[in-house]
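*Asks:* Sequences and hints are given; from them, build the entire structure.
Quick note, the sequences are listed as chains A, B, C, D, E, F, G and H, same order.
Counting in my numbering, the first sequence runs from 1 upward without gaps.
Counting in my numbering, the second sequence runs from 1 upward without gaps.
Counting in my numbering, the third sequence runs from 1 upward without gaps.
Counting in my numbering, the fourth sequence runs from 1 upward without gaps.
Counting in my numbering, the fifth sequence runs from 1 upward without gaps.
Counting in my numbering, the sixth sequence runs from 1 upward without gaps.
Counting in my numbering, the seventh sequence runs from 1 upward without gaps.
Counting in my numbering, the eighth sequence runs from 1 upward without gaps.
Possibly wrong hints are sitting among the right ones.
[What the hints assert, rightly or not] To give an idea of the interface, some chain G residues facing chain E are shown, with a C-beta separation under 8 Å as derived from the structure:
| hint | residue |
| --- | --- |
| 1 | T23 |
| 2 | Y24 |
| 3 | S34 |
| 4 | Y39 |
| 5 | I63 |
| 6 | T65 |
[Stated by the list, open to error] No more than 25 Å apart at the CA atoms, straight line, and that leaves these computed lysine-lysine pairs for PhoX-like:
| hint | chain 1 | residue 1 | chain 2 | residue 2 |
| --- | --- | --- | --- | --- |
| 7 | C | K43 | C | K9 |
| 8 | B | K64 | D | K222 |
| 9 | H | K140 | F | K3 |
| 10 | D | K43 | E | K186 |
Bear in mind the hints are in silico, worked out from the structure with no lab data behind them.
Virtual Cβ for every residue (Gly too), placed ideally from N, Cα, C.
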Amino acid sequence: MSKVTFNEEKCKGCELCVSVCPKKIIALADRINSSGYRPAEVKQMDLCIGCAFCATICPDVVIKVEK
Amino acid sequence: MSKVTFNEEKCKGCELCVSVCPKKIIALADRINSSGYRPAEVKQMDLCIGCAFCATICPDVVIKVEK
Amino acid sequence: MAVVFDKTKGLTDKAFHYCPGCTHGIAHRLVAEAMEELGVLEKAIGVAPVGCAVFAYEYFNCDMQEASHGRAPAVATGIKRVLPDNIVFTYQGDGDLASIGTAEIIHAAARGENITVIFINNTTYGMTGGQMAPTTLVGQVTTTSPNGRDPMLAGYPIKMSEMLATIEGAAYIERVSLHDIKHIKHAKKSIKKAFENQINKKGFSLIEVLSTCPTNWGVSPKDAMLWLEKNMIPNFPLGVKKEVE
Amino acid sequence: MAVVFDKTKGLTDKAFHYCPGCTHGIAHRLVAEAMEELGVLEKAIGVAPVGCAVFAYEYFNCDMQEASHGRAPAVATGIKRVLPDNIVFTYQGDGDLASIGTAEIIHAAARGENITVIFINNTTYGMTGGQMAPTTLVGQVTTTSPNGRDPMLAGYPIKMSEMLATIEGAAYIERVSLHDIKHIKHAKKSIKKAFENQINKKGFSLIEVLSTCPTNWGVSPKDAMLWLEKNMIPNFPLGVKKEVE
Amino acid sequence: MAKVLMKGNEAIAEAAIQAGCKYFFGYPITPQNEIPAYMAKKLPQIGGTFLQAESEVAAINMVYGAAGTGARVMTSSSGPGISLKQEGISYIAGADLPCVIVNIVRSGPGLGGIQPAQSDYFQTVKGGGHGDYYMVVYAPATIQEAVDVTMEAFDVADQYRTPVTILGDGMLGQMMEPVEFKQPKKRTLEEKSWATTGYIGDRPRNIINSLYIVPSMLEDTIRKRFERYEVIKKEETKVEVYNCEDAQIIIAAYGTTSRICRSVIEAAEEIGIKVGLIRPITVWPFPDQAFEEYANKDAVKAFLAVEMSMGQMVEDVRLAVNGRKPVHFTGRTGGMVPTPKEILDKIKIILEEVN
Amino acid sequence: MAKVLMKGNEAIAEAAIQAGCKYFFGYPITPQNEIPAYMAKKLPQIGGTFLQAESEVAAINMVYGAAGTGARVMTSSSGPGISLKQEGISYIAGADLPCVIVNIVRSGPGLGGIQPAQSDYFQTVKGGGHGDYYMVVYAPATIQEAVDVTMEAFDVADQYRTPVTILGDGMLGQMMEPVEFKQPKKRTLEEKSWATTGYIGDRPRNIINSLYIVPSMLEDTIRKRFERYEVIKKEETKVEVYNCEDAQIIIAAYGTTSRICRSVIEAAEEIGIKVGLIRPITVWPFPDQAFEEYANKDAVKAFLAVEMSMGQMVEDVRLAVNGRKPVHFTGRTGGMVPTPKEILDKIKIILEEVN
Amino acid sequence: MTEQVIIAGFGGQGIMSIGQMLTYAGMIEDKNVSWLPSYGPEMRGGTANCNVTVSDDMVGSPIVTEASAVLVLNKPSLDKFESFVREKGLLIVNSSLIDKKTTRNDIRTYYIPANEIAAELGNDKIANMVMLGAYIELTKVVAVDSVLEALKKVLGESKAGLIPINRQALERGAACVN
Amino acid sequence: MTEQVIIAGFGGQGIMSIGQMLTYAGMIEDKNVSWLPSYGPEMRGGTANCNVTVSDDMVGSPIVTEASAVLVLNKPSLDKFESFVREKGLLIVNSSLIDKKTTRNDIRTYYIPANEIAAELGNDKIANMVMLGAYIELTKVVAVDSVLEALKKVLGESKAGLIPINRQALERGAACVN
Ligand SMILES: Cc1ncc(C[n+]2csc(CCOP(=O)(O)OP(=O)(O)O)c2C)c(N)n1
Ligand SMILES: Cc1ncc(C[n+]2csc(CCOP(=O)(O)OP(=O)(O)O)c2C)c(N)n1
Ligand code: SF4
Ligand code: SF4
Ligand code: SF4
Ligand code: SF4
Ligand code: SF4
Ligand code: SF4
Ligand SMILES: [Mg+2]
Ligand SMILES: [Mg+2]
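*Replies:* See the structure below:
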């Protein structure tokens, strides 16, 4: 199993991670961070394969991936 | 026969005309023009073939060639 | 559990000010990772441009100088001539490098200045609100080409990499893209090589990075990636334009 | 008796201030003859540079503007955009065009500005007493490369024509030489074509003219011609670099 | 024509077009980007040309070329961009070419900031470029005035063959106010017989040039230009004198700062202090006379220059007042805007000192 | 060390080298070409670097980069080239970088001429670049003095983290006089802990920058810089006061012009007129005090500023004299040099007016 | 009458446009008006605000330092601009996004659930108009009709269809303070 | 003693170098000196001139407007600088290249066939030294030996072989005015 953590306060909700996740498990949350963005989060962490595509494309260095 | 005339006051004695004349008939005069240069002149006009090489290379538009 | 991916030490903790989805952020990370991996952060001196990356001096975790618009290569030259053993790089946009800074980049290349240049081509002036850049595509609408870039009026986009490749002093010129994972990974390798060249005193290296500006293109970050792939790459073919062994 | 050769009406009667044997004078005459022959003197507006040819405005028998150092292409652009049907040309040295004016010439080419550029490459800054130019050859001694141009310090000479030929907006780029009669005659043809292109609205044309500077090279005018042939031509190959039909 | 609500930058651009400006060469920089954007949209519609130059250096030289053909032409920029234009401006002045330059001032030095400032006064008014020359410089306080002086600027440029600068600031450029476009009073302008338009054979060749290798000839051209400057001083100086009768303190302020000072005048009135305002509308030529006049009045105890800078125009105020009354300064810089309260406090201190 | 006969330009270059300048970035322009030529020859011999930049714009930015590493660095130029450097100079001032700029003034505006002039005074002294800043400006009158102030300039630049300009003119650059090279008085200079030399982990990252997007922060940096300016005014102002005791007329002149004025003093003496000379050696900071002192003396009837310009420094003289005495001006421009006779004639006229 | 208003919120909340609308409306009613935006490199995503003056007299300084009214649409704006309201002035808070209450009691404060109301009206984007409606109702500085006329000019005739929903938003805002 | 000299001729006649030599010699003798060239874009081929001051006092203006002596080596220079000689001053004319006579009779004028003498000495290039010799003889401003020492410094030791011919030139010049 893999673990993906988001530095939520830095996320800008650009959805690039959403678009590249091969497992389609990332989506924006409903809450708003202090900059006014809806941060991304992994909906089903157990499906994550730790490919780090999300982290590779994230322009704001929001994501940490462990495996 | 050809005729080559020099606008002596403009000549700077650079000898480029001297160097390209196929007939080797151009040389610098002994006199000095008002800018302090020895102007070029044709020594044996009768040998001139009117090729205008001299005029073509003259950087100061000193030379007129007639044929 | 092993860490597969984490923020590089080459970046400070400061949050980027870039717009959501802007690939400037990716480019920053790749440069920072390359420097960290090569162990040169401690002797690196970066030169930030005027452009959206103007605050790069707050992000790269090394000594930085903020240059005036377009003059980063000259500033880098001044640094490198004093400190030839340090690692000096510039990070510049297309307005900065391909427009106002044309002379500076060309002559840095011509001198074979042993520096690394990261050139972010996003076909527009992001910072000032989306004006036409020298790299703006034909037909592309910007605030200063409101009817789309008309080559009769404003000419054709400049291919800086191809032009710089004609210069003898240039050691390594490559154009890369950030529009998908595969290309991002390749871009990383190229950027790293551009720094390695400097370490090995090979001379002037420049990586042109095709990048997005979702804000001024008026599309979503995801669509911006697609637009880049579909419109920019045909106009700006990827690949190594020059490499001296 | 028929006149085989006489001063063109394209030149005023003012004597050139150039040094003895300097080929700037030949280049002037060729440009003036081309304009006279094409009948465009009356609608020509020339732009003089800063360099030895700074007084060109006194010699060309047409309206003239004197531009600041390196900016002749920008000045010409300003003129041509107002008067698209006039004939606008610049006459620039290698310091002017290939150094300080790099950005201006490249962007005029990129815009496909419909102007004619005469580029006098004499590998040095004649006017200011013989400093190194971007086109100075490796090893060439100048006042600012007193031990000969060292590529490690100052890079390699720039081949402007080759570089400009990579630009889409450029319609016609050729390098010619003035070192002997044959080449002078060819140069004349090329210069004339560069003006014809403008008349036919083909866009940006530039003729790079290899030229001598006997004064700063420290040789006689005749030896300067030989030096040009022997040293410059191998470094700056003659010929058409780009021609759009 | 009815009033329209416009951004300062756009209003200036529209005013230029209505004044017959058909050519614009510029380069983007905040806070003046709406000017090129407006020009890019509008000029092609009237058969003019907008061109984004590769740099400010190129832009000002394109202006030089176009102005040399006799066309009405404009450029605009701010801070760093205006600095880059100094060589070109000096050439334009030296070649006696008419053109209009808009400077929407941001804070400096260096990259500084993009908030409004008035710290380019010296650069604009004393000649940031090399050599002996001046430009006519308008410093409008409202968008309406910006429109009016921009339209006039083209006439003045042509009449005296001089570059003219519109000195705004970020605030003036970015704000919106209602404006009306009215043609300025008609001037009789000479034909531009000096322009390089192609030599048709019916006139001598024209040459646009600033090089005079013989010093006495260069001196002659400069002296002639300075004679024209004297005429400009006489004919074109503009100033607003407000509430100065019986004023104890007279504020000197231009541009948007003067509007803040107006609020101060009311506030001062309320606490029994009579404050006047001399507002240069042209900062070159500087309205010396207005200052001289009030410097000689007994009621006036002191002058106070207020600027968004560390104190630049204050020197011109001092020169005009010439020691007859104390001249004080207060200001903010770096994009900070002085508040009415700060200014009023300063006035109180001055009055205490005086009494 | 024995005296050597040197051209002004070469002497300045040698002085810089002896002051520890190891880097020079320049671009050719008359009349300062001997400076880069000298540097090109000498710097490689001492392990330094001479680089001919692609333009003045590039040169000043190379200076910025090198100065940012803490190195002693210089550039030189004239007229058009100095104008092109204005953006860079403003950045250098805004980033608090020390460096030395040599301006061997030629006549302007525009391409102008290459003969000596002093018409770049405003540009140099009031800030030709954008924003609130000043530079220390030395205006030497002899080649010896040029050498002395050049050597001092590097120390002053480092001590106050400011650009320093040596304001010469074509005459000073081209003439030869005997000179001696003496180290200036030793100053204790702080280490350049702010320099970007690579972050070795034992100090915080260093950043060379002039951008402050928060106006209050920008204002803070500017105010701090202006506090340093106050110290400079107190500590570094230099002036020569010559023959001013009992003088009826005091001439204000700097640089080579002041030498012409010296000849006038003798000539005036001969016909019974007492003329003094106040010669600013720093034109920024301007020696206000010297003028104030003599403005208060009864013997002094008037001041006369003499310049190779249409009158620029005269404004600083007026500001210092502040109306206490009349301030007159005479000058030549365009490369013309005022003659002693002209100046003496002017003095006679002034005295007639006064009496 | 001189109204000096600060309107502040996130970029994208329509801060600038209601400011312009108010200014336009003032002009339509032949009042003296000015609109001054804050501008900066961080416009995107960051906070946005503008100053509007509507007055019977000539507008002096376009900068509002002592506001007759402040409209805040997000929390950072409340923190930043609360103190700008002059004594007895008006503070209008978008309570949909701001859970905090003002600490000042020398001013008149209204809490408007602008986003909720906008959502009810079926268009998230018109929360700004709800806020404006409340402000106009409280001050009567301009007539609702003038705002709608301004809107027409701004939107262009083609989007005239959006007028009714905007009117509703203004009215719902007004209703909140009645 | 203050000597203010103008030396003028064609470029290439060695105008600048005799000026420098004189200046150098003055410095060797611990006098106050200055040398000021005319400079311009037309140095080549055009006329060249320089101003030299040698004085016991501090040098004021390095520009010579009222010359104690003028040395002219070609005709345009005579035309241009004749008027610069102050009353009772010295004018030295290279009569080899200048057939004209001066029109002034308030000054002392000497005509030296400098080029002929140089040709006699077998080196066309030292006509300038002949002129300088005449000048020094007339004014004694510096010693001949000082000039030769200056020459050594300028030429460098390697060209010391040229000293004798230069000494001869100076002497022949001096002889012309004795
Ligand atoms: C001399 C100067 N000119 C103009 C500007 C204004 N300016 C700031 S950023 C920029 C363009 C940036 O575009 P680019 O280099 O493509 O970077 P991007 O924002 O697209 O990343 C301009 C013109 C400036 N600061 N200085
Ligand atoms: C801005 C500026 N920089 C420098 C100069 C000085 N300058 C005059 S001519 C010249 C170089 C000319 O060289 P080039 O263009 O090669 O012409 P050439 O004289 O060799 O024909 C320079 C640097 C100037 N006039 N203006
Ligand atoms: S690591 Fe891969 S699978 Fe896991 S969330 Fe990221 S992109 Fe999706
Ligand atoms: S890519 Fe990064 S910034 Fe964008 S939504 Fe995902 S985590 Fe957030
Ligand atoms: S025309 Fe030909 S042959 Fe006659 S002189 Fe000239 S070069 Fe010689
Ligand atoms: S080429 Fe012309 S200038 Fe040269 S010597 Fe011959 S005629 Fe004279
Ligand atoms: S404006 Fe464009 S380039 Fe700049 S940060 Fe935003 S998206 Fe990126
Ligand atoms: S210096 Fe050189 S280029 Fe200039 S005129 Fe003389 S020979 Fe020609
Ligand atoms: Mg860009
Ligand atoms: Mg050249």
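*Asks:* Would you list, in rising numerical order, the hints stated earlier that this structure does not obey?
*Replies:* Number 10 - this is the single hint that the structure violates.
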